[in-house]
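Participant: Below are the chains, spelled out letter by letter.
Protein chains: 2
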Amino acid sequence: MEKDTNFNEWYNDIVEKAGLSDKRYPIKGMNVWTPYGWKIMRNIDEYIRRELDATGHDEVCFPLLIPETEFKKEKEHIKGFDSEVYWVTHAGLNELDVRLVVRPTSETAMYPMFSLWIRSHTDLPLKIYHLVNTFRYETKQTRSFIRVREIHFFESHTCHVTEEDAQKQVEEDFLILERLMKDLCIPYSLLTRTEWDKFPGAYYTVGLDTAMPNGRMLQIGSIHHYRTNFSIPYNITYEDADGEHMYVHQTTYGMSERLVGALIGVHGDDKGLVLPPPVAPIQAVIIPILSKGNIDAVTAAAKNVEKMLRDAGIRVKLDDRDERPGSKFFEWEIKGVPLRLEIGMKDIEKNVVTFVRRDNGGKGTVSLQDATDGVHLILRSIRKDMYDKAWEKQRSNVTTITSLDDLPEKTLRFGWCGSEECGHKFEDENDLKLLGTPYIPEEFDGKCIICGKPTDKVAYASRSM
Amino acid sequence: MEKDTNFNEWYNDIVEKAGLSDKRYPIKGMNVWTPYGWKIMRNIDEYIRRELDATGHDEVCFPLLIPETEFKKEKEHIKGFDSEVYWVTHAGLNELDVRLVVRPTSETAMYPMFSLWIRSHTDLPLKIYHLVNTFRYETKQTRSFIRVREIHFFESHTCHVTEEDAQKQVEEDFLILERLMKDLCIPYSLLTRTEWDKFPGAYYTVGLDTAMPNGRMLQIGSIHHYRTNFSIPYNITYEDADGEHMYVHQTTYGMSERLVGALIGVHGDDKGLVLPPPVAPIQAVIIPILSKGNIDAVTAAAKNVEKMLRDAGIRVKLDDRDERPGSKFFEWEIKGVPLRLEIGMKDIEKNVVTFVRRDNGGKGTVSLQDATDGVHLILRSIRKDMYDKAWEKQRSNVTTITSLDDLPEKTLRFGWCGSEECGHKFEDENDLKLLGTPYIPEEFDGKCIICGKPTDKVAYASRSM
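Protein chains in written order, with this note's numbering: chain A, 84 to 548; chain B, 84 to 548.
Please note that the accuracy of each hint is not assured.
Any copy, or any two copies together, can satisfy a pair, since identical chains are not distinguished.
[Unchecked claim] Taking lysine-lysine and the DSSO-like style, the derived pairs with C-alpha atoms no more than 30 Å apart in a straight line are: (1) K265 x K122; (2) K508 x K433; (3) K530 x K162; (4) K476 x K540; (5) K106 x K530; (6) K508 x K400.
Source of the hints: derived by calculation from the structure; they are not laboratory data. All of these numbers come straight from a predicted model, not from anything done at the bench.
Same shape as in the complex, but just chain A (with noise of 0.2 Å):
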């Protein structure tokens, strides 16, 4: 498994050996979550919970179908989605009288139900979020968790009272990105999208992108102001403080499991997965070291501080199978276990726990006493130096050009002078997809790569995924 030198081939080898999805379901782009991977999954959404909720947020959940009369009041947005939703035409025996579309996104589900529950601007601000499985009847390759026909992921709605109060919360989302990369280990940039590429019905879109091995860029989420744009179809209003009927303004932010995606894509090595501690299914794996005379001793050890640790709050897993430890090493290695134990009979002598590190192979000793500090210390350890690694090569990932001949397999950085006529003439000659401009400005002098006029902006592309 090389994944430098074949990144998709390492990438769809990693997600079945490390048994995270089964994509053999008798529906293409449809997979299986299997026990590991769906772990993984969830961690993850209990810190989008976790987030969510500090930041006033409350989880709700919607139904899964949209009568297309809902479905179509916001005309950008049906012709966003209609080449790409799932119909829902008879049930039992019948034909229905109206449609049903199959969620591939929730505003047109929930806003006819925000126009019932806002009256006031007391009622201000509604934020609101749901975990739930989506669906898109994708046209190109699919891959697992990167482009699926069902994707599991939340998508939290603000409503405000003005466009300031909805910019305000764009801008708690960014705070609470941040936190959430922080445990996830995956560094990201925030680039707006362009005028063709935004949310169907969206004022502005920003992209949340993170660098795969092969110097694409995977958009991980995306975060949404959408001004009064559906609250005017929808007839979302609240009363102000004068009596007067207003619109009010949106935003909303969505993630999906192309985090699970970006773990792999990000941390992953030619050995197999490497899990970010906050989200590993399991943190820490001990394995025996057993030799003739000592298998008591040694396995009582292994017990105590398998209990030592799952006390502490670590998860933890003692491998006692009776197999070669080699070969558990190389299943753990596979399933990117964070930290490997290994006790045996000199361990025990010299009273210490072994440790190998699966980030960077570092290895070394901490004291049996005091085992759980020593692990939480290095768990907290792998955490932070996975964060700067994945930063650092998100950053080399990144090169400034100024033509457009020799194009590296990188994200390009270029001057634009903006125009939608530049911008799509860049996108069909070089076959690259314009990621946007930086959300926060970067300083910039020079030249639109394609006209050639100065230009103080300057803009992203990469290959598509």
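Guided by the hints, dock chain B onto chain A, whose structure is given.
Facilitator: Relative to the frame of chain A, chain B by itself:
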């Protein structure tokens, strides 16, 4: 709101006033889980996960959509479902070659995969579950949580070497059920369904029924033994120790959001919801009793108690809104918060907190210093009392009858010869549903209530919910 005189109206009123669900979504029977209702459901889900994980089940997540070709492999199964499934026939602008069923239950999604996953007897038992939404095109009148078209539920699926092993799984399921129902304080009967009412494709079905205040039994879940009825059409085989290919024996166990309906119906009273402490989103609400001159002292004491309880893992809310205590009492009573704590100047002077139990109105005080222990103790006692009281009601709801004249609005127990003819006659002539025979046999010596033949078999029936 009078529960006993008009259960149906009372039920709908509680659902709305307690903020459990919003049924104004523009598809009948597909309701929106609002924050408070969804929190209750998520708490129940966590108990389910705890029990299933502890008994060696792995959580997975299977796709929502099932190809018609897979769905139709087991003949009884499809006969039982084809009048009540939703069909996806189009995707984007295309008509699909193979129509897709929106999951009504996951046998036909899972079993093609089981046939790939299971190779040898060492792969058994296979025990998995998922927590998802399922879809039924209900034609009867819908009712929140009890009869809906999008149903939140869990289903566990197991595969075993022998019929006996599968039977042992059924018995483990009863233990899981017992523990779960202790936390939810929901009593139940185990009734083996009649041949014509068992799950389509099952060898036998045990219905889990709880009595509603109107005397009718609500099915809150079911446990099925499939023998090899599905493993044959889905070709799920293992190689035994002698190298022979044998079909696996299967079981399933499922319970749905009807558990929320049961919580409402079993425990609620004329003041509103009454929630068992294990699943209550808020276990204790603190209401400061303020009057002039003591605002700071009372507020500080209330905050102090809130912190103590929260640190001890109790789900506590301090309601310090600027409103009259009476209207706060009213609101938290509707929402069924198990314990109300009141702190006023008099309490502070006596160094106590006043408590009021939601389940029985019991009042008292706990010492301020030991508030945590005191609250823990009261919550445990509430759980136990709610459980005992609910079982008492469940038992008293059953009436043994020997004649079909003047049937009371209760669950009826009577002799049945066991013939299908008498069973159908009984159901048709009395507009009752034959719930089945007790899974744990009961001593009986009497006559079949229909044909009059002597029988030692007893059956149960009630009107449909």
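Participant: Is it within, between, both or neither when you check K265 against K122 at 30 Å Cα-Cα?
Facilitator: both (19 Å within a copy, 27 Å between copies)
Participant: Under a CA distance limit of 30 Å, which applies to K530 and K162: within one copy, between copies, both, or neither?
Facilitator: This pair counts as neither: shortest intra-copy Cα distance 34 Å, inter-copy 69 Å.
Participant: At most 30 Å between alpha carbons: which applies to K508 and K400, within, between, both or neither?
Facilitator: neither (55 Å within a copy, 58 Å between copies)
Participant: Treating 30 Å as the Cα threshold, decide for K508 and K433: within, between, both or neither.
Facilitator: Intra 68 Å, inter 80 Å, cutoff 30 Å: neither.
Participant: Reference check for the pair K106 and K530, CA-CA at most 30 Å: within, between, both, or neither?
Facilitator: Neither. Shortest intra-copy (46 Å) and inter-copy (57 Å) distances fail the 30 Å Cα cut-off.
Participant: Is it within a copy, between copies, both, or neither that the alpha carbon of K476 lies no farther than 30 Å from that of K540?
Facilitator: The answer is within: 24 Å in one copy meets 30 Å, while 74 Å across copies does not.
In terms of the numbered hints stated before, the structure departs from hints 2, 3, 5, 6, listed from lowest to highest.
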